[in-house]
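A.B. asks: Going line by line, the protein sequences match chains A and X. With the working numbering as the guide, the letters of the first sequence map in order to residues -7 to 242. With the working numbering as the guide, the letters of the second sequence map in order to residues -7 to 242.
Treat each hint with caution, since some may be false.
Unchecked claim - Restraint-style ranges between C-beta atoms, simulated for each label pair: (1) X:R37 <-> A:D29: 52 to 58 Å; (2) X:R37 <-> A:A13: 36 to 42 Å; (3) X:E14 <-> A:R42: 38 to 44 Å; (4) X:E162 <-> A:R42: 21 to 27 Å; (5) X:E162 <-> A:R81: 38 to 44 Å; (6) A:R118 <-> X:R113: 45 to 51 Å.
Bear in mind the hints are in silico, worked out from the structure with no lab data behind them. By construction, the Cβ of each residue, glycine as well, lies at the ideal position given by its N, Cα and C atoms.
Protein chains: 2
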Amino acid sequence: MTTNFYAPPSALRGQRVVLPAEEARHVRTVLRGEEGDEITVVDGRGGWYRVEITHLTPEQGVGTIVEQRKDVGEPAVDVTVGLGVLTKRSRFETFVEKAVELGVRRIVPLRTERTERDSIREERLRKVMVAAMKQCRRSRLPGLAPPQSPAALVEAAETERTLVCHADGEAVPIWQAVTETRWAASALVLVGPEGGFAPAEVSSIVGAGGTPVSLGARRLRAETAGLAALHAVVGAHGAAEPGGQNRQSG
Amino acid sequence: MTTNFYAPPSALRGQRVVLPAEEARHVRTVLRGEEGDEITVVDGRGGWYRVEITHLTPEQGVGTIVEQRKDVGEPAVDVTVGLGVLTKRSRFETFVEKAVELGVRRIVPLRTERTERDSIREERLRKVMVAAMKQCRRSRLPGLAPPQSPAALVEAAETERTLVCHADGEAVPIWQAVTETRWAASALVLVGPEGGFAPAEVSSIVGAGGTPVSLGARRLRAETAGLAALHAVVGAHGAAEPGGQNRQSG
């Protein structure tokens, strides 16, 4: 089987799984699945299930759980990324897809001094996130918060470490920062929109305990910076990741 | 100034720079530049120049070099990434843009057993590469090779280390592999197309000295895998990068 299927927790009762109509259709038409076949279902909350299909019609798919695991495909660290709402929606979408693949736990669109757009296409982004979760075979669906200010996010976040991407004299290379945070169980990474954070925004984040980090000698686009920082944080915990059964593919 | 300008080596004679027409137009119309202003020009071969504009018409820009440096924005490691030609062209384009930002030195589209497309849009990709080079403020324009087989690339490459993204029993986590290769001056990273490499292709790369690496517990899309592996290799050398004067921005 090439992909996981998604059924929210409400679709699971005891050993019985009722696939949402769209997922059932996918089993039939794309995979040409039949009763008796086994598929992998995740509930988006860390639940991972091997399911035998017992009943399959054009509109419905019902199955029985034959194996159950927890947090398959999940990183050892809980990372929230706050990224400025980007003017180009396709760039925010690219970020979202790849952040899910790279193991983000929560995405928070930021309204900052220099953002030129207020809103995100929430429904569209959630679809991208579900597709990426299934495709990359993780078991948690990352959260997508409503757009908010960096100050509100920093105040509400309960993460152990906060990193803000903003290279200036005081910034430490992220590779150094993530080695220091190696044993932090959770991290918040903040990245500005296209024009970066305003200096006052950075001061306020640093004042609240954030560490300014730089991502190397090149000036990365906002969405690239978010992905690079996320990857560095998750990677520093890589050795601790369970499973490691990934296979690269499209 | 928010971006660098590009003038190939042939446009530089002594202290004199003649900007290509398109770049001169950009100075005038986008930046509202005037004679006497200073801009940063890179030649795509590692040359970095601070240039005072001495003559600016709608079709032409001429300037004098006032400062000259070498390899500004370049990583300490020479990384070639071979990535299977992707069925979705926009995904290959996303890879190319972000690989330039993350410091790739050479991109090689691969024709493999499972690629479903033979060709790339070379002209389009070169434009993306030039724009990314200018935007991220590096001074070298990475190379773009013609599509070829992994075997041909591995045979021709003169890199010290070869990593092939293909998690199986023998794969080592990339974070471990890049620590081992920390002092290698050059690396070749190979990533298959959407469906991954065929087992025989991996065997042949490993037979030629390649190390199979895994990228964590999630199955990454091909272009994400290429970027993640590149970032890990460049990042392991991050401490050695000159400059580090990046500023995140769009």
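A.B. asks: Now, for every hint given, state plainly whether the structure supports it.
C.D. replies: Okay, the hints, checked on the actual structure:
1. X:R37 <-> A:D29: 52 to 58 Å: holds (56 Å)
2. X:R37 <-> A:A13: 36 to 42 Å: Once the Cβ atoms are compared, 57 Å apart, the range 36 to 42 Å for A13 of chain A and R37 of chain X is violated.
3. X:E14 <-> A:R42: 38 to 44 Å: This hint is violated: roughly 57 Å between Cβ atoms.
4. X:E162 <-> A:R42: 21 to 27 Å: holds (25 Å)
5. X:E162 <-> A:R81: 38 to 44 Å: Once the Cβ atoms are compared, 41 Å apart, the range 38 to 44 Å for R81 of chain A and E162 of chain X holds.
6. A:R118 <-> X:R113: 45 to 51 Å: Violated, at about 31 Å.
Figure legend: structure checked against the earlier numbered hints; hints not met, in rising order: 2, 3, 6.
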